[in-house]
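J.: One-letter residues, chain by chain:
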Amino acid sequence: MKLHLEKRPQPSRRWVYLSPLLAVVITMLVGGALFAALGKNPVEAIATIFWEPLFGEFAFYYRPQLLVKGAPLILIAIGLSLGFRAGVWNIGAEGQYIIGALSGAAVALAFYPLDTWVVFPLMVLAGALGGWAWGMIPALLKLRFGTNEILVSLMLVYVAEQLLAAMALGPMKNPDGMGFPGSRNLQEYPAAHNADLITGSGLHWGVVAALIAVIAAYILLGRHVLGYQIRLSGEAPRAARFAGVRPGLLTVFCLGTSGALAGLAGMFEVSGPAGQVSIDFNVGYGFTAIIVAFLGRLHPVGIALAGLLMALTYIGGEIAQGNLGLPAAAIQMFQGMLLFFLLAVDVLTNYRLRLSRRPEAV
Amino acid sequence: MDLSSINPILLLASIMAASTPILLAAIGELIVERSGVLNLGVEGMMITGAICGFAIAVSTGSPAIGFVGGALGGAGLSLLFAALTQVALANQVASGLALTLFGLGLSSLLGQGYVGIKPPPTPRLDIPVLGDIPVLGPILFSHDLMVYVALVLVAGVWAILKYSRAGLILRAVGENHDAAHALGYKVVRVRIMAIAFGGACAGLGGAYLSLVRVPQWTEGMTAGIGWIALALVVFASWKAGRVLLGAWLFGGVSVLQLNLQAAGVAIPVEYLSMSPYLITILVLVIMSADKSRAPASLGRIFHASQ
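These protein sequence lines are chains A and U, in that order. In terms of my numbering, the first sequence has 296 at position 296, counting the first letter as 1, and numbering is strictly consecutive. In terms of my numbering, the second sequence has 270 at position 270, counting the first letter as 1, and numbering is strictly consecutive.
Bound conformation, chain U alone (with noise of 0.2 angstroms):
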């Protein structure tokens, strides 16, 4: 075992990459449980998003036309669910599953072809400057595109919920839909919108382990970060900065995890392999003594006859 063969500026600069797709995945998670919709596919359409943008990025030669290939096919599975859940009135939860296994299908079944295909590479942006700091440039400041959009999303959200009329109104249907429903608001509309914005969320943050973070194709690649993302808004309690927060924690524990698989440890591989899953119980275990944050219209269905 060697240890120190563990670079720690290497190891936070990949945190940043790490932390990525769990983060887009969640953030737009967080946005469709605000509006009071509990949406359990999110690795489904993750997956799918893996897929889509990886198909898109190696035909067109492209990873930025990928990438929105990637959010338009999580956006497009997610609009199954807004069919289901907001038309047909259909129990969330197991919308949700139904979406995760189609999903699964799907993605498997577009993928046929495509195994063993290198992506365009995504360009590392060299920030001039700010890149060339000596501890902070490789960790803040040379990342793809992609990281920066990710961050950005964040705060958009934060700020969207916190200070924009439009913010307001996605609370309102969260919080009480029925109250919302007699003040005017379009709640079916609004939570469709959330939907699709979690959908196209959960299928960037797919393209982007496709094309950058693994970066190949290959069958149920998300291996159950789509369900880690769900974790993370409950520790986040539902609030868009403890988002990052919680993945920099998961981005942490996953990338530990790999460097002393390749340091060596003396702990088999498929041990270390647990540790997220572990992580998440144990953090949801911390996490859940307070529910007061919860919508509390979360996994309602809504019908205006009542």
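Chain A on its own, in the form it takes in the complex (with noise of 0.2 angstroms):
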């Protein structure tokens, strides 16, 4: 008897949706066996994770933060899935982020102390051109020369790093501040500040510009050519040069967009959740991205609900360091888990498993 995949001849329509929930209970159960070795209780670990920030004492503050947390992911996430698809492999989205929140908060911060309503939709438009800016060198020097956007993206997320150092540290650095490294608080200046629209929910204009990517995103995909190509290229690329698809222009379009939501969604954290422009700013939103965009299938919806939980690993994991002593560490390779165990049980889609009493073929 040995056991073999068999290839499918059509992705099973039940396992596309079945492997992320599986993925989540196979994580949770090596996840709460990691809790243990570090002498935990696994099952109060996994409980204060998932159900405390929910349901739990605190959940009025803690349901809040699930929308200020998930909303940057979600909107990273659902540029890097259109990527994703066509086989654009944009993986520097935190670079991306950082810039996009430089370019937001220098709008704001050559304003100050000027109050109009104008400023903040400067800075968004500001906030989505940086991140595209960032995003298009990758795009341009794939087009030109032909280099690898993984490895470029990258790259420029370290030089991403070290230009918010040099910003939280020199031309940014509050006036105001007795010498201290990092920039106004953009909390404390009405015009930018990017408050709750319903105070106390969470509710910022990052949240909304995630609800409306994901909408853009859902129609894109279904219903606009642009997306039908997106999603031939990806499948089958020979195909789609065939049909007329340009690949230089999905290059362009997918990392220029993945780019400017990125830069959306640090312009939104920087001017509300975070409030000023720091060193230790950008807080791994742009990584973690891509595994919300796997977990949720590279669909829209998927997406949301994907987000939605990854956030709720960050605030649970906070309170699991609070309550149990729990290490941050864990809750990172718990994140990480997550998509390893995805992968592997997306074999399982495209192929079958077979138990067989002939020897295997050589």
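Honestly, the hints are just simulated from the structure, not real lab data. All clues given are correct.
Some, not all, of what chain U presents toward chain A, calculated at C-beta under 8 angstroms:
no.	residue
1	Leu40
2	Leu80
3	Leu84
4	Ala88
5	Leu97
6	Leu104
7	Gln112
8	Gly224
9	Pro268
10	Met274
11	Ser288
In this text, a Cβ means the ideal position worked out from N, Cα and C, and glycines have one as well.
The task is to assemble the complex, starting from two chains supplied on their own in separate frames and drawing on the hints.
T.: And the structure:
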């Protein structure tokens, strides 16, 4: 008897939906074992991460956080998913996020202390443009010189991080900050503050933008010829060429869009929850969004759900850190594990497990 | 600014040491890619090797055992990647990214309690006669053992790929896995071994960082070196000798910018720290015109049914 894989003629529709759920369950089990190995009660730890933020004693405080943390993840992941579908691998969203935040903050700081309504729309525009421009660097280099967009977009993350540090310590430093690094706090500048639309709900403009992005991506992929071309070039690149799809144009579109969305996410973060440009402004949303995109099956609705789930692990992780002394790194590893198991379980979508009596063909 | 404070002999000598981690990681990835597998998890394997090597060296007191531990750590993590891509037939790009994200989390988890500790020192081999040669002595013959191990590894990889039957099989699997399979070679087995070798090399490079180069443990200490190693393989057109050249180039850039920082050049430190990454992009731009050298089966999934 031998277990082997048999290719399915068509990907299984059932497993497309089941495999993310199965991956989450396996991650909980293995994660629980990990927490047990760290000397924590596994059931309590898992419950703290997944139950406490939603239904626990302080849920009224944590539920809005779900939107605050989920919005940037969803916004970035929607952009990434377009590229991932077309076989364009932008993994430098973290850098585009930083540059978007810097551009948005630059506009705000330039207008300070002028109090007019134009400041915030201009910041939104600057954030999107900044992220777009940072995303266009790997796109144009790929188009013109054939460079690998994976490596270039990733190198630009490190460049953006250095730029962030330079800005926080130099040009953008708060002149009234008594020498401390970091910019003025935009939360104290009403014209630039990305405040909650309903106080205490966590619903800021970034959440609205994420919602619009989900709907727009849904329409684009399902109803628009560009979305069709994106799907076609990912699933059958040769056929796409014959169908007249211009791969260069798609590269530019996918990297530009995902850059702009990541830039927007950064801008909404710096003007809202974070408040200021500081050295440790970026917390890895750009990388976690990669997990979100895959966990959501590169589908807009799936990404929205996956983004909320991932936000839950962030919040629950923080609670577990405070209450149970679970190290922050354990949560980071937990998130990485999720992507691992998802990719492993995904084999069942395209292949069938078969037991066979005959010896395996050599 | 005082550029005269930079001693050219010490500079060249430190390039040899600075290029070692990236050289180790890149030569491992070269073998992986020549077998037709694109493993983007180098960064994750390196940092796992860095903490495994560090922890084991600290607890045993022996840097040599630490290096072995680092290699095993990297290889162990790479086997996860092998399981995903070779057994579960997952997308290699996504799996590599997963490996890096996972490795970064794993390493910072393992590294708790090792922050701020000094590792046991790795002795320098002061080779008797050769080390006393005026200029060449300090540059070439006064390093620790790992520098030479890395160089021997490069030479070994070059020779195996060029002259041995094993190298021929590896290249066949990388160029056309269907043909190699038809000839009776075990494609999956060859690739798993290549992946494990790549992981061990990356782990060794990471351990060199935490035990010799820095030497201490800090979270995220690889700072993109694993990714630069990936770029280096493209730069080298998948050839062992040119990996060495590339590693010296990048080692040179990073040492030079550190020296400029120390000499107090009137450029903010942050802009100098960008230079290795910008140079990597520049080199990729220059080298990417010629794609013909890439192994033909690179990144493609192999399943015997097809």
